[in-house]
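Peer 1: Each chain, written out:
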Amino acid sequence: MSPFLFWIFAVFTVIFGAAVVLNRNPVASALSLVVSFLGLSALFMSLDAFFVGIIQVLVYAGAVMVLFLFIIMLLDIRVEERRRINLLAAAGGIGVAVILLIQICVVIGHFQPARRIFPPLARSTTDDVWNIGRLLFNNYNLPFQIIGVLVLVATIGVVLLSRREPR
Amino acid sequence: MITLGDYLVVSAILFTIGFAGVMLRRNLIVILMSLELMLNAANLSLVAFSRFRVGPNGLPDYNAQVLVFFVITVAAAEVAVGLALLVALYRARQTTDVADIANLKF
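If you read the protein sequences in the order shown, they are chains U and V.
Anchor point for the first sequence: position 53 equals 53 in the numbering used here, and the numbering is continuous, going up by one each time.
Anchor point for the second sequence: position 1 equals 1 in the numbering used here, and the numbering is continuous, going up by one each time.
Honestly, the hints are just simulated from the structure, not real lab data.
Certain hints may be false.
What the hints assert, rightly or not - Covered, in the sense of this in silico footprint (three residues per stretch, anywhere, with C-beta under 8 Å from a C-beta of chain U), are these stretches of chain V:
1. 31-40
2. 59-67
3. 98-105
No residue lacks a Cβ here, since even glycine has one placed at the ideal position from N, Cα and C.
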C-alpha cells in the first residue's frame with residue numbers, strides 16, 4: 001500500500017476517534033465510531049489481513065454499532081446538559097493520557113525493529129480465511145470452544161438482565 | 001516507506017484517545033465506545049506485528065490474527081452485556097451519567 005493511502009486512512013481513523021470522545025451528542029459519537037472503524041478496517045487490509053478487515057466491518061460497523069444506536073434511541077438520550085466541569089479532574093485525566101502516550105512513543109522509539117519496513121510476502125496458494133481457519137480449528141480448537149461457551153453465557157446474561165422483574 | 005513504527009504510533013494514539021475518553025467522559029455509553037476504541041487500537045498493533053513477522057513459508061504470522069479474532073468476539077459479548085447492564089441501570093435510576101451513580105463512592 002502506498003504511504004499516501006496509509007497516512008490518509010490513519011489520519012481519518014484518529015480524527016474520527018477523537019470525535020467520539022469530543023462530541024456531546026451520543027448519536028454523533030456512535031456515527032464517528034463507525035467511520036473510525038471503517039478507517040481501521042482499511043488499515044488492516046493494508047497489512048494484508050483481509051479476513052480481519054472484513055470481520056471488523058461486519059461485527060463492529062455492522063452489529064455492535066447497531067446495538068449502540070439502538071440503545072441510544074431506546075433510552076432517548078439527548079445531548080447531555082453542560083455541567084460544571086471539575087477542572088482539576090479534567091486536567092488530571094488529560095495529563096495521565098498524555099503521559100501514557102509519551103511513554104508508549106518512547107518505548108516505540110527505543111524498539112529497533114520498529115524502524116524497519118515490512119518484509120515482502122510470498123504469493124500464497126491458499127486464501128487468508130483458509131489459513132486462519134486451519135490454525136483456529138487445529139491449534140486453537142479448545143479456546144475456540146471456550147469462546148463459544150462465553151458467547152452463550154453472555155446471551156443468557158443479557159436476556160436475564162434485560163427481563164423486567166415480575167411484580 | 002511505511003515502517004512498523006508508524007502503525008504502532010497510530011495504535012498508541014488511538015489507545016490514548018480511548019483512554020482519555022474513559023477518564024474524561026461521564027456518559028456511560030460513550031465510556032463503552034471508548035473501551036471499544038482501546039480494544040481496536042490493540043488489534044491494530046497485533047495485526048501490524050503479524051504482518052511484520054513473516055515466517056519461512058513467506059506468510060504472515062497468523063497466530064496474532066487468531067488472537068484478534070478472539071478479541072473481537074469477546075468485545076462483542078462485552079458490549080452486549082454492558083449495554084444490558086446500562087438498560088437495567090436506566091430503568092432503576094433514569095440516568096446514564098456516572099456522576100449520578102455514586103453510592104459506593106468513598
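Peer 1: All hints are to be evaluated individually against the structure, with a verdict given for each.
Peer 2: Verification of the hints:
1. 31-40: holds (count 6)
2. 59-67: It holds: at least three residues are needed, and the region 59-67 of chain V offers 6 whose Cβ sits within less than 8 Å of chain U.
3. 98-105: With 1 residues close enough to chain U, the hint is violated.
Hint compliance for this structure: hint 3 is the single one not met.
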